[in-house]
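J.: So the protein sequences, as listed, match chains A and B. Heads up: take any position in the first sequence, counting from 1, add 502, and you land on the working numbering. Heads up: take any position in the second sequence, counting from 1, add 502, and you land on the working numbering.
Hint data in this document are derived by calculation from the structure and do not stem from the laboratory. Possibly wrong hints are sitting among the right ones.
Given that identical chains are not distinguished, each listed pair holds provided it fits within a single copy or across any two copies.
[Unchecked claim] Here are the simulated DSSO-like pairs of lysine-lysine, each with C-alpha atoms no more than 27 Å apart in a straight line:
hint, residue 1, residue 2
1, Lys741, Lys941
2, Lys665, Lys741
3, Lys886, Lys908
4, Lys741, Lys546
5, Lys665, Lys885
6, Lys942, Lys546
7, Lys669, Lys741
8, Lys942, Lys811
9, Lys886, Lys811
Protein chains: 2
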Amino acid sequence: MLFLPAVIMAAEDKGGSSEHQAAALFLGIAVLLIAAKISSLVEKIGQPSVLGELVMGVILGNLGLLGIHYFDALKANEIIQFLAELGVVILLFQIGLESNIYEMKKVGLNSFFVAVIGVVLPFVLGTYIVGPWLLPGLSTKAYLFIGASLTATSVGITARVFKDLGKLQTPEARIVLGAAVFDDVMGLIILAIVSAIATMGAVSLGTISWITAKAVLFLVGSIVVGILIAPYLGRFFSKIHTGVGMKLTLAISFGLIFAYLAGVIGLAPIVGAFAAGLVLDPVHFRYFKNHHLVEDIKKDIDDLEEDKKKKINNVIESYSHRHIEDLIEPISVFLVPLFFIVTGMAVNIKVLFNGQVLLVALGVTIAAFLGKILAGLAAGKVKKALVGWGMVPRGEVGLIFATIGKQLGVINDAVFSVIIIMVIITTLITPPVITNILKKY
Amino acid sequence: MLFLPAVIMAAEDKGGSSEHQAAALFLGIAVLLIAAKISSLVEKIGQPSVLGELVMGVILGNLGLLGIHYFDALKANEIIQFLAELGVVILLFQIGLESNIYEMKKVGLNSFFVAVIGVVLPFVLGTYIVGPWLLPGLSTKAYLFIGASLTATSVGITARVFKDLGKLQTPEARIVLGAAVFDDVMGLIILAIVSAIATMGAVSLGTISWITAKAVLFLVGSIVVGILIAPYLGRFFSKIHTGVGMKLTLAISFGLIFAYLAGVIGLAPIVGAFAAGLVLDPVHFRYFKNHHLVEDIKKDIDDLEEDKKKKINNVIESYSHRHIEDLIEPISVFLVPLFFIVTGMAVNIKVLFNGQVLLVALGVTIAAFLGKILAGLAAGKVKKALVGWGMVPRGEVGLIFATIGKQLGVINDAVFSVIIIMVIITTLITPPVITNILKKY
C-alpha cells in the first residue's frame, strides 16, 4: 500500500528556473483538479466518483499515444507525486477519524481472518497453481514473486468507494479497513522473505521474527501511545492558542507523524495515518473554541417547533462538527483527487496490446479475484460478498513486488506486465462492482 | 515578489527511495507546522502571528550553527519550497477574495501614486546617493542593481499582518495591496532594463515598451476576462456537480490558473492569484448547495428575541459564507505558515557577523525605509504612516535582483550580503511596527 507512480516511473530532470517550474505546476494542478471534477459525471450513472477519477487519469496519462504529451511530464513530476501521496495519507487519516477504535475492535477478529485467508489463498494460487500452469518453465523464485504480488490489498480505492456512498460506518467497511491493516503487515513480512530468498536463496527464522515483531509492535504501540497522549495534546496546545488553526494543525501533524513512523518501520504511511485517525476523537479537541456557543444556541431554540428546531440543529451541528472532520474536508477535496488521477495516469495502456500477455494476465487476475472473494467468507455475519470484493483492489504493494522482482532479475518483462495488468483490472473493476452490491442490499 | 528560498538556495540531490523521502517529508511538514503554531505565542505579547513564524523560521534555519542540521535539508528541499510557494499563492488569492474590485478601484489612483513614488525614490536613493556614498569605487552598474533591489515591495508580509489583525477592509490595506500590484509590474520592467544594461550596456525603448505593454495587458486583461467569465463558470460547473467539492475546486483552480498566467508573463504568481481572488465574488457560487437552506432558516427564527436571533444568524452566516472563503481557510492554515517559516529559514544569520558589511547594510536599509515611508505620503486622506510602512517589506524581487547581479558579475559578495540584510531587516521589523501603528489609532 505504498505509493504507486513513484515506483514504476522515473523522475525526470527539471529544466528552467524554479519559479517557472512552480508556475507551470500551478497550471498542472488546476488542470488535474478540474479534470477530476468533470469526471464526477460518472455519479450521474450511479458510479462512485473515484472510478471517474481513475478512468480520467487513465485517459490523460495515455494521451501521449495521440501525440499529446502534456500529461507525460506532469505524471513524472515528483512534486505532483508527492501531493498525490499526501492526498492518500490525508484520505486514510480522514477515514480513520470517521472510524472508531472501539467499533473497529468489535470486528477485529473477523478482519484478522479475512486478512490471513486473503493473503494465504492468493499467494498459494499464484505461486503453485496459476503461475506454473500459465507460465511454465519459469524459476520457483519467479512464481514466488507472482504469488506475493497478489497478496496485499490497496485499501485506498475501496475506502473511497465506501466514503463516496456514505457507507463507512457499516460493519463491512470496518472489516475491510481492519483487514487491510493486517494484510499490509503481512505483505511487508512476505516482501522481506521473498526478497531474501531471491537474493540469498534462503531466509533465517530470526529475520522473519524480527520484521514481524517490528510491524506488530508499531501498530499496537502507536495505538496504545496515541490513546494515552491524545487527551493531553489538545489540552496542552489549547494553552498556546484556541483557534481553529491550532486544532487543524494539531490533527494534521498527528496524522503526518504517524504516517512517518509507519514509513520508518517499513509499513505503508497510510497505515500510520489511518491508525492516527482512529485514536483521535472529537473529545480531544474540546478545549478549542465554539463548543460552548453551540450548546448555547441549542438552548435558545428550545421553544421553536420541532421541524424548525431540527433544521437549525443540523446546521449548527455541522458548524460545530466542523472542528475536525469538516476542517480536513477542504484539504481532502484539494489533494485526494490528485492521488486517484495520478494513480490512473500511471496505467500504461500499451501493456494491454500484447494478446498473449493479456491472456496470462487475465488468468492471474482471476486468481487475484478468487483469493480475496473467498477470504470474504471468513467475515462473519455480514454481507460477505461486499467484504470479499472490498479486498480485491491491488495496487502499490503488488507493483513493489513486481519492481523488486524485476530489479533482482527474478521476473522478466512479460511477468512484470502481467502483474501491472492484474493491478489495473482489480483497481478499475472493484468500484462499480461494490457500488452494485451496495445498491442491491 | 517571486519565491525567496528557491532563489538563494540550491536544491540538494535526494537520496533514498521516493517512499522514504515522502515519509521523511511528512515528518518535516508536521514539525514545521507545529513550530509555526507554537510561534503564535507572540500573539500573547500583542504581535501578529506572522512575526512569530518568521522568527521561528530564522531560528530553525540557523540551528546548523549549533550543530543541528535537521532543518538544513528541509529548507533546501524543493517539495517544501513548492508547498511554501503554493501557500503564499493561496494567501494572496484568499486576500483577493476578501477584497472587492469596486472598493479597490476607489483607491486605485492613490495606490498608483504610492507605487510610483515608492519605486522611484528608493531607486534614486540607492543608485545615486546611498550606494556611491557608502560603497565608493563600484561600477555604475553595481549602483543600478542596489537601487533596483530596493524598489519592489513583498506584499505577502504586510497582507498577513493586516489579515492577522482583521484590518484587511481598511482603505490603508487596500491602497497597499493595490500599490503592491503596480509596484510588481514596475519591478518587472526595471529588472528587464537593468539586466539589459548590465549585459549589453544599453537597452532599446522598444524592449521597455514591449515588457511594459505585456505586464499592463495581463493585469487589465485578466481582470476584464475574469469579470466576464466568472459568472458563467459557476453556472456551467454546477451542472456537473453542486457539491462543496466542486465549488472549492473551481475557486482554487481559478486562482492557480491566474497565478500561472502571471508567471508566464514574468509577473509574480501571487499577483495573478490576487487578481483572481479580486474578480471572484460570492454571487458567482450561488448555483451551489446550501444557500436556500440558509435563507429558509432565517425566516424560521424570525419570531425569536433579537439577541438570540443575532447569535444564530452569526453561526448560520458563517456556515453559508463557508462556501468560499471558509472552505479555503483550512488549506490556508495548512500551507501559508510553511511559506513564512521557510522564508525565515532562508535567512542566514552569518551575514550579520561582518561589522563593515552590517554597517553599510544599515545605511542601505535606512534608504529602503525612507523611500517607502515617504511614498506613503501620496496615499491621500488615510493613515499615511500605515501605508508607507505597509510598503516597506522587501523580499523575493530584491533577492532576484541581487542574484542576477551576482550571476552577471556586476555585484560582489559584500553587496550581495548587504541586499540580503536589507531584506531581512525590512521583513522582520515591519510586522511589529504596523501592529503598533494600528493599535495607536
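J.: Each hint needs a verdict: does it hold in this structure or not?
T.: Hint by hint, here is what the structure shows:
Taking CA atoms no more than 27 Å apart as the test, Lys741 paired with Lys941 passes between copies only; the shortest distance there is 24 Å, against 48 Å inside one copy. Taking CA atoms no more than 27 Å apart as the test, Lys665 paired with Lys741 passes between copies only; the shortest distance there is 22 Å, against 34 Å inside one copy. Taking identical chains as interchangeable, the C-alpha atoms of Lys886 and Lys908 are never at most 27 Å apart, the minima being 36 Å within one chain and 68 Å between chains. In this assembly of identical chains, the alpha carbons of Lys741 and Lys546 lie at most 27 Å apart only when taken from different copies (11 Å versus 48 Å within one copy).
Only within a single protomer do Lys665 and Lys885 lie at most 27 Å apart by alpha-carbon distance; the minimum there is 17 Å, versus 52 Å between protomers. For the homomeric pair Lys942 and Lys546, the shortest alpha-carbon distance inside one copy (18 Å) is at most 27 Å, but the shortest distance between copies (58 Å) is not. For the identical chains of this complex, Lys669 and Lys741 are inter-copy neighbours only, at 25 Å across copies versus 37 Å inside a copy, given an alpha-carbon limit of 27 Å. Taking the shortest alpha-carbon separations for Lys942 and Lys811, neither the intra-copy value of 34 Å nor the inter-copy value of 45 Å comes in at or below 27 Å.
Neither within a single protomer nor between protomers do Lys886 and Lys811 lie at most 27 Å apart by alpha-carbon distance, with minima of 40 Å and 50 Å respectively.
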